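A.B. asks: Sequence:
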Amino acid sequence: MKKTMLLSAVLLAALSCSAAIPLKDGDRIAVIGDSITEQKLYSVYMEFYLRACSGLHDLSVIQFGHGGEHASSYAVYRMKDTCSWFNPTVATLCYGMNDGQYRKVNDRSSANYRNGLRKIASWMNQNHIRLLISSPGAVDTATFRRLRPDDYNQTLAVLGGIAKETAAEFHAEFADLHSLLLDVMRKAKAKYGESYHVCGADGIHPARNGHLVMAYSMLKGLGMDGKIAEIKMDYPTGKTQGSTGHQVVRSEQGRVTLASTRWPFCFWPAPAKPQPSSETTILPFLPFNRDLNQFILKVTHLPASGAEVQFGSGSFHFFSKEELEKGINLSEYFLGRDNAFHQVTNDLYRKIREKQMLETRIFRHYQTALRAVFPDLENRSADVVNACSVLQKELKKDWKKMEDSIRKTVETPHQYTITVRPVERKQ
1124 MKKTMLLSAV LLAALSCSAA IPLKDGDRIA VIGDSITEQK LYSVYMEFYL RACSGLHDLS
1184 VIQFGHGGEH ASSYAVYRMK DTCSWFNPTV ATLCYGMNDG QYRKVNDRSS ANYRNGLRKI
1244 ASWMNQNHIR LLISSPGAVD TATFRRLRPD DYNQTLAVLG GIAKETAAEF HAEFADLHSL
1304 LLDVMRKAKA KYGESYHVCG ADGIHPARNG HLVMAYSMLK GLGMDGKIAE IKMDYPTGKT
1364 QGSTGHQVVR SEQGRVTLAS TRWPFCFWPA PAKPQPSSET TILPFLPFNR DLNQFILKVT
1424 HLPASGAEVQ FGSGSFHFFS KEELEKGINL SEYFLGRDNA FHQVTNDLYR KIREKQMLET
1484 RIFRHYQTAL RAVFPDLENR SADVVNACSV LQKELKKDWK KMEDSIRKTV ETPHQYTITV
1544 RPVERKQ
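Residue numbers (my numbering): 1124 to 1550.
Bear in mind the hints are in silico, worked out from the structure with no lab data behind them. None of these values were measured; they are calculated from a predicted model. Don't take every hint at face value.
[As the list claims (entries may be wrong)] Cross-link-like lysine-lysine pairs, in silico, PhoX-like; alpha carbons within 20 Å at most:
| id | residue 1 | residue 2 |
| --- | --- | --- |
| 1 | Lys1421 | Lys1362 |
| 2 | Lys1350 | Lys1449 |
| 3 | Lys1350 | Lys1421 |
| 4 | Lys1444 | Lys1355 |
| 5 | Lys1355 | Lys1227 |
| 6 | Lys1519 | Lys1531 |
| 7 | Lys1474 | Lys1362 |
| 8 | Lys1203 | Lys1242 |
| 9 | Lys1355 | Lys1421 |
| 10 | Lys1531 | Lys1474 |
| 11 | Lys1474 | Lys1421 |
| 12 | Lys1147 | Lys1355 |
| 13 | Lys1396 | Lys1474 |
| 14 | Lys1421 | Lys1444 |
| 15 | Lys1444 | Lys1474 |
| 16 | Lys1203 | Lys1519 |
| 17 | Lys1396 | Lys1310 |
| 18 | Lys1396 | Lys1421 |
| 19 | Lys1312 | Lys1242 |
| 20 | Lys1520 | Lys1531 |
| 21 | Lys1520 | Lys1474 |
| 22 | Lys1449 | Lys1362 |
| 23 | Lys1516 | Lys1203 |
| 24 | Lys1421 | Lys1314 |
| 25 | Lys1312 | Lys1396 |
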């Protein structure tokens, strides 16, 4: 048992310490993939995190998920159109689930996948787009029915190796999502039972639990270090310091009000019976809070053996004096309405998902469909070209309106209060 736990820790450490794409203000990030991306779950988690948690203030994110797609079909039919519409500076790529054709490993599908990835990576390099290539995900060991799950996971592992080789060939970054999902799935099922699916009720399309794993893998690949906040309070004087992005508005003994432009990634309490639809149920097996969601409070010189802490206007939680001196991660202990950011993060999540729903309509139901009808669009009459141009401008206006609303939300500092109430340790 100890050996298994050690191997899991080594795997997660290796995944966490891999090379990454350093993001910067002004980057435009395209999240590209098949129907798993089109679910708008991991892509929404990523966009939320990059906008609200990262500390970068001038980012745009867009998702290009398309059900049924392969790497080769994206390279041929959609890549230039979608990227020219958005002009990304960074792209994440997650293909492979469809590319394996739900069969045992075979040379033809592997070659098609490799050729598709190589075409994409080559074009991205030529257009100076920094690229993160992810290995495909995994299929669930209980709910996948098209083939023996172990057989198709072996196919996906081979494709993951091709993705890694392609990333090295084109100097792109690589995220080993496949190995991570398998590791997390094994540990979760060991605790919750085989019926707790991590890769979806159909074995392919994850629920929120598996998508959080995907977002974790991608965000680590984009260089996120997870240091969102460090708030240091000296209890007797009330003097408080906040790290970058956290301004002290007023402070007194045991109480500080801050205005923050960097927010934690909030979770709701886990249901009594673990459900794949709850992201929180996967956290015991995924170091999301440790690696990506550190919202740390440190309190020194407490006059008691511990204190009750309130984060916003919710419930108080008790921590020992030693825990508070070392620092507690408010993201980990304050869930749902107990978290001072729960309402503002819910509002932002809703806005991002609505925007990504529009993106699906634009790129799946308009732009891709238009190309299917007019594959030679550039050679059509001026009237047709101009009509399409007018439609594109109107769609961009709608997208820009949503984009501006999201920007305004994350640029507005969120004000809240942290209260520390010394008490003797409860017996």
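A.B. asks: Are the hints correct? Go through all of them and say.
C.D. replies: So, going through the hints one by one against the coordinates:
A threshold of 20 Å between alpha carbons decides the hint, and for Lys1421 with Lys1362 the separation of about 12 Å falls inside it, so the pair holds. The straight-line distance between the Cα atoms of Lys1350 and Lys1449 is roughly 15 Å, inside the 20 Å bound, and the hint therefore holds. Our distance criterion of 20 Å between C-alpha atoms is met by Lys1350 and Lys1421, whose separation comes to about 14 Å. As the CA atoms of Lys1444 and Lys1355 are separated by approximately 14 Å, the hinted pair is consistent with the 20 Å bound.
With a C-alpha separation of about 55 Å, the suggested pairing of Lys1355 with Lys1227 is violated against the 20 Å cut-off. Annotation: proposed proximity of Lys1519 to Lys1531 holds, straight-line Cα distance about 18 Å (limit 20 Å). In summary, the hint linking Lys1474 to Lys1362 is not supported, as the alpha carbons are separated by about 36 Å, beyond the 20 Å threshold. In summary, the hint linking Lys1203 to Lys1242 is supported, as the alpha carbons are separated by about 11 Å, within the 20 Å threshold.
The suggested pairing of Lys1355 with Lys1421 holds, with an alpha-carbon distance near 5 Å, which does not exceed 20 Å. Restraint check for Lys1531 and Lys1474: the C-alpha separation of about 11 Å stays at or below 20 Å, so the hint holds. Among the hinted pairs, Lys1474 with Lys1421 is inconsistent with the structure: their alpha-carbon atoms are about 33 Å apart, more than 20 Å. Between Lys1147 and Lys1355 the CA atoms are separated by roughly 27 Å; this puts the pair beyond 20 Å, and the hint is violated.
Straight-line distance between C-alpha atoms of Lys1396 and Lys1474 comes to about 29 Å, which puts the hinted pair past the 20 Å bound. For the hint linking Lys1421 to Lys1444, the alpha-carbon distance of about 10 Å falls within 20 Å, and the restraint holds. At roughly 40 Å between alpha-carbon atoms, Lys1444 and Lys1474 are farther apart than 20 Å, so this suggested pair is violated. Using a Cα cut-off of 20 Å, the hinted pair Lys1203 and Lys1519 holds, with the two alpha carbons roughly 17 Å apart.
Only pairs whose Cα atoms come within 20 Å are accepted, and Lys1396 paired with Lys1310 is accepted, the gap being roughly 17 Å. For the proposed pair Lys1396 and Lys1421, the alpha carbon gap of about 33 Å is over 20 Å, so the pair is violated. Of the supplied pair hints, the one linking Lys1312 and Lys1242 is violated, its CA atoms being roughly 38 Å apart against a limit of 20 Å. Restraint check: the Cα-Cα separation between Lys1520 and Lys1531 comes to about 16 Å, which is no more than 20 Å; the hinted pair holds.
The hinted pair formed by Lys1520 and Lys1474 meets the criterion: a straight-line CA distance of about 16 Å does not exceed 20 Å. For a cut-off of 20 Å, the pair hint linking Lys1449 to Lys1362 stands: about 17 Å separates their Cα positions. Distance check on the hinted pair: Lys1516 and Lys1203 sit about 18 Å apart at the alpha-carbon level, within 20 Å; holds. Using a Cα cut-off of 20 Å, the hinted pair Lys1421 and Lys1314 is violated, with the two alpha carbons roughly 33 Å apart.
Straight-line distance between C-alpha atoms of Lys1312 and Lys1396 comes to about 13 Å, which keeps the hinted pair within the 20 Å bound.
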